[in-house]
Amino acid sequence: AQSVTQLDSQVPVFEEAPVELRCNYSSSVSVYLFWYVQYPNQGLQLLLKYLSGSTLVKGINGFEAEFNKSQTSFHLRKPSVHISDTAEYFCAAITGTASKLTFGTGTRLQVTL
Amino acid sequence: ETGVTQSPTHLIKTRGQQVTLRCSSQSGHNTVSWYQQALGQGPQFIFQYYREEENGRGNFPPRFSGLQFPNYSSELNVNALELDDSALYLCASSLQGVLNTEAFFGQGTRLTVV
Chain E
8 AQSVTQLDSQ
18 VPVFEEAPVE
28 LRCNYSSSVS
38 VYLFWYVQYP
48 NQGLQLLLKY
58 LSGSTLVKGI
68 NGFEAEFNKS
78 QTSFHLRKPS
88 VHISDTAEYF
98 CAAITGTASK
108 LTFGTGTRLQ
118 VTL
Chain L
555 ETGVTQSPTH
565 LIKTRGQQVT
575 LRCSSQSGHN
585 TVSWYQQALG
595 QGPQFIFQYY
605 REEENGRGNF
615 PPRFSGLQFP
625 NYSSELNVNA
635 LELDDSALYL
645 CASSLQGVLN
655 TEAFFGQGTR
665 LTVV
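Chains as they are written, first to last, in my numbering: chain E, 8 to 120; chain L, 555 to 668.
It is worth saying that the hints were derived from the structure and are not from the lab. Ideal Cβ placement from N, Cα and C applies to all residues, glycine included. Misleading hints may appear alongside valid ones.
Residues from chain E shown here face chain L by an in silico Cβ test under 8 Å; the list is partial [unchecked claim]:
hint	residue
1	Gln49
2	Gly50
3	Leu51
4	Ile67
5	Phe97
6	Ser106
7	Lys107
8	Leu108
9	Phe110
10	Gly111
11	Thr112
12	Gly113
Under the rule of at most 25 Å between Cα atoms (straight-line distance), these lysine to any residue pairs were calculated in the SDA-like manner [as the list claims (entries may be wrong)]:
hint	chain 1	residue 1	chain 2	residue 2
13	E	Lys65	L	Glu606
14	E	Lys65	E	Val26
15	E	Lys56	L	Asn584
16	E	Lys65	L	Glu656
Computed beta-carbon distance windows for the label pairs [what the hints assert, rightly or not]:
hint	chain 1	residue 1	chain 2	residue 2	range
17	E	Leu58	L	Leu593	28 to 34 Å
18	E	Gln78	L	Arg569	22 to 28 Å
19	L	Arg605	E	Leu120	47 to 53 Å
20	L	Pro616	E	Gln49	26 to 32 Å
21	E	Gly69	L	Gln571	43 to 49 Å
In isolation and in its complexed conformation, chain L is listed as follows (with noise of 0.2 Å):
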């Protein structure tokens, strides 16, 4: 088990609605990554926040949006979200610049929008 923790672990939202999901990272841990993954398709990365700021964004819109805390833990916020949203999502905290160090992922936010 990581110490990689996300909530809530199972949301059921509405079309055009927003949602937030949340993830503490594994202690010592500076970067988190976030990933959707759709039924029966690996992770797609969204974005990585490094420090509070935003290190890389992959091919998601900008209704897809997020943070990160003093404490490194980090938010994923979508808005207006679409039927297509419904994925399990996926946190992963690491240390940033080491690459021997191991990307540790929490069990995933499974949205619906229905």
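So that you can see chain E by itself, here it is in the shape it has in the complex (with noise of 0.2 Å):
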């Protein structure tokens, strides 16, 4: 079984910092990665996605996400965060055919002045 880690479960960070946050993934089979953000009483939102292709994944609102295969990694990065970007983030998978998504626990992402 297919499994999603994410290793922080907040990140305080300063405004036009940037920031990295870690999900790893376990699986032997094909693997496609996602980042989700959620705001406070909202569902999810799409950042960006990984399916094939360049491992050097753009979204929206400036972040970007890179695929690691050898480190099962697909860590996402801004180089400059806005008190906006304050949100509860997402990492996910989808293994082989299956189109259901696997989510990890969440990184609490805290932007302050």
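Hints given; two lone chains; assemble the complex.
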């Protein structure tokens, strides 16, 4: 069975600083990877996804992620965060032909002045 | 804002009662998935419906059941509610068999069982 691990439950960062949110997956088969953002009292919004091809994926709101097969990681990065980026971020995976998403436990990004 | 709508937005039920949650999928999407998100946790897959048939189920007991209608909208039913069923219930619509399409999530239904 696959699993998704988000190593940090909370990440505090100052505005305009860079940030990296870590995600590792375990799967012996082909995997498709996603990052979602959840603002308070909202559903999930897709930030970016890796299906195949280039390992560097660019998403919305200036976020990007790099798929690293040897390290089984898919870390999310942003070079300069804003207060409005404060939210919960979830890494998720789909394996094989299944279409259900397996989510990590989430990382709370808290951006302060 | 996605085209996925869920109702109601909030709900309070008593232990032992039954509840029905509803989801209207994005136009053109034929698949609806339901997830349970407990406080401080990531969403957990409950089940998925494709063309009115259950198409995969997570580790949830049979008292969690669902329906999908010809217009691809869906219901999640939970019988014999337990306190641990308190959570945010999310539905996501997608186009089956086309991985490049995004799964769009609704805003969720917050269920509180007392």
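How the hints compare with the structure:
no.: 1; hint: Gln49; verdict: 6 Å, holds
no.: 2; hint: Gly50; verdict: 4 Å, holds
no.: 3; hint: Leu51; verdict: 4 Å, holds
no.: 4; hint: Ile67; verdict: 11 Å, violated
no.: 5; hint: Phe97; verdict: 5 Å, holds
no.: 6; hint: Ser106; verdict: 7 Å, holds
no.: 7; hint: Lys107; verdict: 4 Å, holds
no.: 8; hint: Leu108; verdict: 7 Å, holds
no.: 9; hint: Phe110; verdict: 3 Å, holds
no.: 10; hint: Gly111; verdict: 5 Å, holds
no.: 11; hint: Thr112; verdict: 5 Å, holds
no.: 12; hint: Gly113; verdict: 5 Å, holds
no.: 13; hint: E:Lys65 to L:Glu606; verdict: 35 Å, violated
no.: 14; hint: E:Lys65 to E:Val26; verdict: 15 Å, holds
no.: 15; hint: E:Lys56 to L:Asn584; verdict: 21 Å, holds
no.: 16; hint: E:Lys65 to L:Glu656; verdict: 15 Å, holds
no.: 17; hint: E:Leu58 to L:Leu593: 28 to 34 Å; verdict: 31 Å, holds
no.: 18; hint: E:Gln78 to L:Arg569: 22 to 28 Å; verdict: 45 Å, violated
no.: 19; hint: L:Arg605 to E:Leu120: 47 to 53 Å; verdict: 51 Å, holds
no.: 20; hint: L:Pro616 to E:Gln49: 26 to 32 Å; verdict: 31 Å, holds
no.: 21; hint: E:Gly69 to L:Gln571: 43 to 49 Å; verdict: 45 Å, holds
Hint compliance for this structure: hints 4, 13 and 18 are broken, all remaining hints hold.
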